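Sequences listed follow chains P and G, in order.
End of the first sequence sits at 908 in numbering that gives the first Met the number 0; the numbers just go up one at a time, nothing left out.
End of the second sequence sits at 330 in numbering that gives the first Met the number 0; the numbers just go up one at a time, nothing left out.
Among the hints, a few may not be true.
[As the list claims (entries may be wrong)] Calculated lysine-lysine pairs in the DSSO-like style (CA-CA distance at most 30 Å, straight line):
1. G:Lys285 x P:Lys596
2. P:Lys781 x G:Lys285
3. P:Lys110 x G:Lys67
4. P:Lys16 x G:Lys56
5. P:Lys426 x G:Lys38
6. G:Lys38 x P:Lys54
7. P:Lys781 x P:Lys591
8. G:Lys38 x P:Lys16
9. P:Lys906 x P:Lys781
10. P:Lys502 x P:Lys456
11. P:Lys423 x P:Lys393
12. P:Lys596 x G:Lys281
13. P:Lys906 x G:Lys285
14. P:Lys393 x P:Lys616
15. G:Lys56 x P:Lys110
16. P:Lys175 x G:Lys38
17. P:Lys223 x P:Lys423
18. P:Lys110 x G:Lys38
19. P:Lys54 x P:Lys110
20. P:Lys854 x P:Lys616
21. P:Lys452 x P:Lys324
22. G:Lys297 x P:Lys906
23. G:Lys56 x G:Lys183
24. P:Lys209 x G:Lys38
25. P:Lys161 x P:Lys736
26. P:Lys502 x P:Lys545
27. G:Lys56 x P:Lys54
28. P:Lys744 x P:Lys706
29. P:Lys54 x P:Lys81
30. G:Lys281 x G:Lys297
Hints are computed from structural coordinates only; laboratory data are not their basis.
Please read these numbers as outputs of a predicted model, since none were measured by experiment.
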Amino acid sequence: MPDSLNFQVNNQSHNTKCNPGTSLLSLLRSLGYAGVHRVCESGDCGSCTVWLDDKPIHSCIYPAMQVDSHQITTIEGLENGKLSPMQQAFLDKQGFQCGYCTPGMIMTASKLEYNSEAELRAELEGNLCRCTGYEAIIDSILECGNDNLVKPITAKEGQVGKNIPKQDGPNLVTGKPVYTADWSPPGLLHLKVLRSPYPHARIREINTTKAEALEGVEAVFTHKDVTRRAYSTAGHGAPVPDPLDHYLLDNKVRFIGDRVAAVVAETEAIAAIACELIEVDYEILPHAIDPVTAMKGDVVIHDEPESSQIHDAAHNIAGEVVLEKGDLNTGFAEADLILENTYILPAVQHVHLEPHVSISWLDEDGTLVVRSSTQVPFHCQRLLSELFDIPKEKIRVYKPQLGGGFGNKQEILSEDLCVLATLKTGKPVQWRFTREEEFTATNSRHAMNIRIKTGVKSYGTIVAQEMEAISNTGAYGNHGETVTFLTGCFPLGLYRCANQSYKGTVVYTNTMPAGAFRGYGATQGTFAMESQLDEIASKLNIDPIKLRQQNLITTEDEILIGREEHFHIIGSYALDECIEKVTQALDYDPEKQPETKGHIKRGVGFAATMQASGLAKIHLASVKISLMPNGQYELRTGSVDVGTGSDTSLRQIAAEVLGTTVENITIITADTHNTPFDAGSYASATAFITGQAVNLAAQKLRSHLLKTAAQIIEVNTEELKLDEAKISGSQTTIFLKQLAQEAQKRGESLSVELEHTSDRASLTFAFLGVEVEVDTETGRIKVLRCAEAIDIGKAINPRICHGQATGGLVMGLGYALAEELRFNEQGKILNPGLRTYRIPAASDVPPMEIFLIEKADPYGPFGAKGIGEIGTNCTAPAIANAVAQATGVRLKQLPMIPERVWMAMQKLE
Amino acid sequence: MKNFAYVRPNSVEDAVSRATSDRDALFIAGGTNLVDRLKVFLDEPSQLLDVSRLAMKQIATTNEGGLKIGALVTNTALANNIDVRNNYPLLSRAILAGASQQIRNMATVGGNLMQRTRCPYYYDTAFPCNKRQPDTGCPAATGINRIHAILGSSDRCVAVNPSDMSVAMVALDATLEVQGVEGKREIPFVDFHRLPGNTPERDTNLEPGELITAVILPPVSFAQSGVYLKLRDRASYAFALVSVATALEVSGEQIKNARIALGGVAHKPWRATEAEEFLIGKAANKSNFEQAAEIALKDAQALAHNGFKIELSKRAIRRALAVSAQGGGEA
Ligand SMILES: Cc1cc2nc3c(=O)[nH]c(=O)nc-3n(C[C@H](O)[C@H](O)[C@H](O)COP(=O)(O)OP(=O)(O)OC[C@H]3O[C@@H](n4cnc5c(N)ncnc54)[C@H](O)[C@@H]3O)c2cc1C
Ligand code: FES
Ligand code: FES
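Only chain G is shown next, with the shape it has when bound in the complex (with noise of 0.2 Å):
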């Protein structure tokens, strides 16, 4: 690790002043994710904003009827809260599905839509990569690449995001609150995280200083449909291959409204929006879950050691509709 400083803000107003005058300032949180990228030199701050004192912890009803979540909550503690648990099982599925007990523990929300792609080449300076040091190649989209992205990459970048609660969160129709020097501002989730084009460098909408404070939920009257079905190479503490987080309102036989989110396929939680309209209307069966599946990944494009994850999509999202179908639990 290189010297840096480490300062502790005293308010949400002092962190976003000092990270936009100091464009090489870092917020931390958990620092589940940073510390480990600074220990292999990916990130070379200025200083270390210690954001995870102030006070974004609460978990709040809002009036329509959802959940305002603090971003420094902990990972455990969302998973565990008691109406995520009952209105939103599929987030904390997902959440549950990631990392480790000691891992939740520490890890925040704001930190973990933020954490970056577990790419190893990004991961590995003696490699280039466009995320890491922009127009220097990315060794990826030839090499071993059986974790990478099949839909949305460009030529720069394949690699995906690594987040589970990101899957459920934009299944869920999130919106996120941040904060920066001017002000607070809303982005909806399923615009947060980018697809890389020629700027893999940059993640998400997030400008230069700005702080995530919440996550807001709106009421989903179906949410109890929820599936989150991840697969990976072992039982657990791993990340997805491939993940899926489908919902479904059904009345009598027919879909009234349908979700349907992938994980680990592309630069950004990916929102099947086509997939999802074609079902409505539609009855509840497996010809039209194949057919949805099939839409979502129409797109799909293999690289060379990838292929595999297109079918296993389809299939995923074809298991997990039809658990969602008899209204939701495990996958």
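Just chain P, same shape as in the assembly (with noise of 0.2 Å):
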């Protein structure tokens, strides 16, 4: 064996020892190159990409100990005095959003040979992104070293309205240390946790003494190590919907990947051997995979008497959401046309790059800190001091840059157990979740089986709707029936119609738990609704564009279903534009036949559906906004940006009421110690309802510094104008700098916290339209390409907003062509990894033309309105409506892959 290893990184010598089993990745993180960004460790997402000797390869499958003599660059090898033109591209063409593809992106965009924008997209192969749908990407690598390329503005221009650079783009692009796992303090001990091998048992006896003997092992814990408390893992405000059904550590495993134990160790190869040397001894119960089956009640999942809030444990029903209005009954009689289908919706997986990850250690005077990839670091600090009867003000979470998130980390499920660690052993704890847990032991989109019946008269009016969702749930019911509820809500809100019902039943399973994903079940619901809708035009031969016309909501009527205590309201309503500006685009003429070329076969289809911003009266804001001694404003929110750009928004919501820019104004955020509350980022709330928490705070702030600057310089407040630096009258001037210390001599604070929720959750809607080409030999779907239009209100930061319409659109695509959990009878995911689970790669993904339009809401910022979700509803409709236009062949099962597409035209046939 070579005695150590000598290479050069960034031109830099290293002489390193290591472990034969060591991946260069691990080594090079270990060195201090953080950009190297480590998420599949499997060759098969690229986000890991170094150059060896100048050659882009995955570091994570590379072993370190065959870089003797090489040289290896990384992305912070790449800055060399100004950025490399590939990193200043990606920053002028924002190809990224949470940026943990970046530096993988770079590293191997900068090595690209290509002729054409299909071969850049098919090279491109090896590198993933979760966020962006890559269009960004794509552009970002074309506009490299191109000379003529239009200067994007500055944070010193501009504020709502303008395509500010999202401010952490520097630090992106250059790979710098700022994601969680980054950073940690000394003495860091990691902690594994021993995972179930059945969907349901009972522990009988637990030995954890090998475990403990082994050298390097700090500690183990199982359920005798803790107090037996119910809660939900779902990050909700307190009183919470959900079931209080999960515990820290539990007697009894329920599904295929459940906590059994934790080891902490020295290493993280140490506690996962440790994990392995537990001896338990299990009394294997009968389990259900089936939702059907499960109701049964012939296997009781929660059976323990300690949990509660769940609507009827013995047959398995986490919980019921039923809405009705009208008489179903009359609606059906007047029906010329009775349709009713059943449409199968799959689990997937949020695939955010970079995993859960918490690192938790005791502050000097005994503050319990929390380092947490997270959108809710206050709903986790409550949950924390429930579960540990610690005082909040003795808890401190905060987040780091968050590398993607979708709604999988509107959970606590990597806090608790660091905790509990930490509070036993006295030491800093660290637990990184492996791409394998991400995908069987974290939360995926619920499966739901979707009946509906739809009664219309021959002219094509609506007049009964009849939905039910069976919504699989699995182990846990956090989210279950908050999700559930927006199946039937939105989709059947969005129609006029006045006989509707909707039953959602959310059943527990002996499967990993379903819970909040983009979309927040309206994925699910869109889906069904608006593949029947297409079908009752075809048997109607209404074109399907006209049919909805006839049937959408407008701005005159009222929603009609739902429950009242969510307040959703059409604040605004530009969804008929939306459609004129879709159908264009794809030149849609009803009148035209779809194109046949041999095998080839082409369609179009189209789908809408809306979304709420925020919730109403529940979620809170709080925002304090201060001027500072130095003349600038600091802006603190506890809201979290996921990588979206929130952040940057917020700042230009600031920006524009204080009359300055963005530059001007720092922004502290996500931090229970530092910043005021916000319930956190989900639910497309945060330019919604944190947005007009800083435009009122800022507002009054404004206010604030008028009066004050008229004291002390003794005029009428009326006479003042404030403007970037200074307050000025007629005759004299005030510049901030002097009116903050001049404040602080006086005592004053120059600053102002507010508290906001909204009384009115505004609808978002969206229309979408895609045209597809079907391989009838193969079942393969291509979409050549699609237009979206988005009723946004206002977009604060337009290339933003467009950069979530294209992620959101291709997330909706993995949905509709590739992405399945899947399980065998055990409930056994059997494609854990990126291999076996595909989400889009670039060449996947067609050209997008988005429009955003812009009718201004009265309830938002600026008249801005949630875009967070939205886009990810209409794609896989879309693509079902437009096969069946191609093909006459409907897909009621997602995803639309080929060999169903295929066995699907064969029964036609």
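The two chains are supplied separately, each in an independent frame; assemble them into the complex guided by the hints.
Given below as structure tokens:
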């Protein structure tokens, strides 16, 4: 064995020893090159790409031992006094959102040779991105080296409505250590969890002696070491609507992958080996994988008395949603046509590239600090306080840069055991999920079976609709009922129909839990509803666009279905304009027959959707905005930028109100000790609710500044104007810096803190059209192009909104065409990796035309509405509708993988 | 990963002798397949013999007018080699249809031909698997088997070989040059990979300790007509559900020579000899291609979830042959 490895990284020599099993990725990260990101560790995603002697490689599957005498270049080495051309291009064209894929993308892109965009997309196959939909990435690469590029505006310019660059950009394109796992306190221990090999079992006995005896193991915890207290992992405000059915560690396991015991050790590897040394005697119980079987109640998944808020534990029903209006019987009696179908939606995974990771430790003054990749720091703080009986003030939760979440980090999954271990050992502890754990032990989108029965008049008016969803929530009920509520509420609410009913049943099974996922149930319901509408159109021989226009709600209508306490409201409405834009963009002609060329058939399809902006009266945002002694502003908000760019948009809002620019506003976010409360980043709420809080606070600060200035310079407030760095009257001027210092002398604070909830949750609407090509020989669907229009109210930062739209659309594309967690009879997930669970790559993505339709909403800041989730809903139904138009085949099950399409076509033949 | 030693043999002979004396040693070249396997404990070698620095990186023209390709030539270098692109375009396309740029930059010819199946049950040590641990059972046979074999499988193993390059190599009648302690020998490519039979743990006919040193391609006069058609779940970076390599020599209306090989359908790259023979002397038309496809798949057997692959393979063969008949190119 070579004694030591001699090699260079970014022209700096290294001489180290390492274990033969180490990957180059681990070696580089241990040497401090944090820009090399760990995502799949199997060569499937490209986030770890570095150059080996100038050639891009995946460092995660390159044995460190082979690096001897080679030259490595990482993202940190590209910058040479200034950004490399590719880094600059990514910055200029904003080829990133959360930034987790960015270093790898840049390393690969810098060495690509291609002759066309199609070739470029194909060449980029080794690099995955989950946020952007690739459009901005491709634009960046294509623009690289183009000197005539119109330089983007900077933070010095413009405010609301301008494409201010995402302010975290420079850190992300250079691979700075900004994510949770990139920093830790000294003396860190690592936590690993032994997971259940059985879908349903009681732990009779558990023996940890051997594990504890292993050198390097600090402690082992089982259910015997924790207080038995039921809670929900869902990140919701108190009182939580979810069943309280989860335990830190339990004497029962309810799915393959459920937690059995936790080990903390000096290294992850030791902890993993120790897990294998734990001896567990399981009493294997019968299990239920399928919700319909589970509802019979032969197997009871939550039979423990401590759990509460479960709808009907004896039948494994976690929750039930019933919505009704009008009278179905009367409605159906009037109908000329009644259609009834069932749609099958799979469980899918978020695949945020950064895994769940938390680090906890005790501060000098005994404060428990939790550094975590979370969308909900304040809910996390509350839960930890309840679980461990520690006052909230003694717990600080904060989040560094987030590498994506999509709902899966609106969940408290990794913080709890970290904290347990820190409290028991007194030492800093980190818990990082492996990619396999992400796939098998976090949450999925709820798999559902949705039956819809619709009655229509022959001329197309919908007169009755009955919808029923069976929603598989897996082993725990987190988010079950709230998600399943939206499955019926939004799709049904979108259409004017006097007689509607919805029943959603949330069922426990012995599978991985389902949870929050972009679209939050509406995605599933939209597929069913929008598919069926097209079937009706085809049966009645009505143009599907016309049928929709005839039945869609408008400003004149009230939202009739739902629950009153949700206060969904049409604040602004531009869905008609959305439809017009999309049909025009695709040159839609209802008379045109679908094209057929040999084995290729083409068709177009459409879908509509709506989604609310935040939760009315529940989603609370507090912000604090202050004028600092240096004459600049500081904005503090507990809100979480998941990578979308909300930290930039919020500063734009403040800048607009204060007559200044983003550059003059520092932002401090998502830290329970240093920022005021915010419910967190979910339900498309940040722009609408936190944004409005910032707007109101900035307005208040503005008046306050003017008033104070008026006192100091002794003029009337009305005479004064605030702009950029000063307040001026007709005669006198006072600079903000002076003002701040003057106020300080007088002991006055130039600071405003306020709380905001919205009385109304404004609805955002969207419409999508796609053109597809179906290869009738292979069943392969290719989306040729698509156009989406979103009724966004006001785009605070159009480029950021555009990125949300393309990212959501492509996430929907994966849901439509490829993604599905596959379970065996035991409920074990058979494709727990990026190789077997495919998310779209650049070459899977069609050209996308996005229209942001701006019609100001009275409730949002500057008229803005939420946009975070809506983009995901329409892709699958629009594609299914296009396939039906092209081939006559109606696909009612996702994903529409080639063999399903093909088999459906065989049946038709 | 378990602990193991890491050794850098200083010659082919040294490597072979070490591997022969320690049956638990494994060669490592690019590492892209092996490291992946070590991570999930599929292999637990005593030592890794790093052959990546040995001199087997040349591509040379042979006296017969073919090519001799060193086992350590990277996939990228082979796909971009001018002689390969001109004379064996099908090989170049097959390689580029596989993996990613980053992996092709590391992956070697020898390693590619030796890569092991991607059967998810083989990859997951929580399951039994006859390939991983003889006589433990084959959960794929009754489990989710949509990607599994439709040809030549046994009741002990239904895995498929994932290599794209191998499909091209078998279509091109390549020969392997391997070295053992006794010296060099050659193995025709068609005989290199094995069917599972009762010993699915053995993928190839390489003897313990033997190292692949080169692949030899004979000249193929009609290789220009070569086509590689890969059908998979997404547009890129996925293993084949079914892939087809074809080449045709057509003179006038008549087929003089035909090559058909299938990937993703069997435990080895599958040469459809009978279908090739059928085509010889026939006209290059749709109905003959259809019949050839029927012949190629006539012994195919479906498992619970992979029946679609039979019809898919037939269609792929027809389409690839049609393009080959037009002189080759993208199918
Ligand atoms: C994400 C991913 C996607 C992929 N996609 C595809 C694809 O679509 N199509 C495809 O064909 N391949 C694909 N591959 C496989 C890839 O091509 C192989 O991993 C690669 O070719 C192996 O070459 P290597 O040099 O890295 O082999 P190594 O990993 O070094 O070795 C692989 C095996 O071969 C043995 N070996 C290596 N060299 C020799 C030799 N000279 N003689 C005898 N034994 C030897 C080793 O002992 C080991 O068992 C993919 C791989 C990954 C990780
Ligand atoms: S982490 Fe290396 S390819 Fe995903
Ligand atoms: S920006 Fe690509 S994964 Fe988030």
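So, going through the hints one by one against the coordinates:
1. Our distance criterion of 30 Å between C-alpha atoms is met by Lys285 of chain G and Lys596 of chain P, whose separation comes to about 17 Å.
2. Taken as a hint, the Lys781 of chain P and Lys285 of chain G pair is honoured in the structure, with Cα atoms around 25 Å apart against an allowance of 30 Å.
3. Only pairs whose Cα atoms come within 30 Å are accepted, and Lys110 of chain P paired with Lys67 of chain G is accepted, the gap being roughly 29 Å.
4. Among the hinted pairs, Lys16 of chain P with Lys56 of chain G is consistent with the structure: their alpha-carbon atoms are about 28 Å apart, no more than 30 Å.
5. Our distance criterion of 30 Å between C-alpha atoms is met by Lys426 of chain P and Lys38 of chain G, whose separation comes to about 29 Å.
6. Simply put, Lys38 of chain G and Lys54 of chain P have alpha-carbon atoms about 24 Å apart, close enough for the 30 Å limit, and the pair holds.
7. The suggested pairing of Lys781 of chain P with Lys591 of chain P holds, with an alpha-carbon distance near 20 Å, which does not exceed 30 Å.
8. Between Lys38 of chain G and Lys16 of chain P the alpha-carbon distance is near 20 Å, which keeps this suggested pair within the 30 Å criterion.
9. Proximity of Lys906 of chain P to Lys781 of chain P is assessed by CA-CA distance (about 21 Å); at most 30 Å being required, the pair is judged to hold.
10. Between Lys502 of chain P and Lys456 of chain P the alpha-carbon distance is near 24 Å, which keeps this suggested pair within the 30 Å criterion.
11. A distance of roughly 16 Å separates the Cα atoms of Lys423 of chain P and Lys393 of chain P; the hinted pair therefore holds under the 30 Å criterion.
12. Between Lys596 of chain P and Lys281 of chain G the CA atoms are separated by roughly 28 Å; this keeps the pair inside 30 Å, and the hint holds.
13. Using a Cα cut-off of 30 Å, the hinted pair Lys906 of chain P and Lys285 of chain G holds, with the two alpha carbons roughly 24 Å apart.
14. This hinted pair checks out: Lys393 of chain P and Lys616 of chain P have alpha carbons roughly 28 Å apart, not beyond 30 Å.
15. Our distance criterion of 30 Å between C-alpha atoms is met by Lys56 of chain G and Lys110 of chain P, whose separation comes to about 22 Å.
16. A distance of roughly 28 Å separates the Cα atoms of Lys175 of chain P and Lys38 of chain G; the hinted pair therefore holds under the 30 Å criterion.
17. Taking the CA atoms of Lys223 of chain P and Lys423 of chain P, the gap is about 13 Å. The hint holds against a cut of 30 Å.
18. The hinted pair formed by Lys110 of chain P and Lys38 of chain G meets the criterion: a straight-line CA distance of about 28 Å does not exceed 30 Å.
19. Using a Cα cut-off of 30 Å, the hinted pair Lys54 of chain P and Lys110 of chain P holds, with the two alpha carbons roughly 7 Å apart.
20. Restraint check for Lys854 of chain P and Lys616 of chain P: the C-alpha separation of about 24 Å stays at or below 30 Å, so the hint holds.
21. With a C-alpha separation of about 15 Å, the suggested pair Lys452 of chain P and Lys324 of chain P falls inside the 30 Å cut-off, and the hint holds.
22. The hinted pair formed by Lys297 of chain G and Lys906 of chain P meets the criterion: a straight-line CA distance of about 22 Å does not exceed 30 Å.
23. About 18 Å separates the Cα atoms of Lys56 of chain G and Lys183 of chain G, which keeps this hinted pair within 30 Å; it holds.
24. Note on Lys209 of chain P and Lys38 of chain G: the hinted pairing holds, with a Cα-Cα distance of about 24 Å set against a maximum of 30 Å.
25. Between Lys161 of chain P and Lys736 of chain P the alpha-carbon distance is near 27 Å, which keeps this suggested pair within the 30 Å criterion.
26. Taking the CA atoms of Lys502 of chain P and Lys545 of chain P, the gap is near 28 Å; set against the 30 Å cutoff, the hint holds.
27. This hinted pair checks out: Lys56 of chain G and Lys54 of chain P have alpha carbons roughly 17 Å apart, not beyond 30 Å.
28. Restraint check: the Cα-Cα separation between Lys744 of chain P and Lys706 of chain P comes to about 16 Å, which is no more than 30 Å; the hinted pair holds.
29. Note on Lys54 of chain P and Lys81 of chain P: the hinted pairing holds, with a Cα-Cα distance of about 22 Å set against a maximum of 30 Å.
30. Among the hinted pairs, Lys281 of chain G with Lys297 of chain G is consistent with the structure: their alpha-carbon atoms are about 19 Å apart, no more than 30 Å.
Checked against the numbered hints given earlier, this structure breaks none of them.
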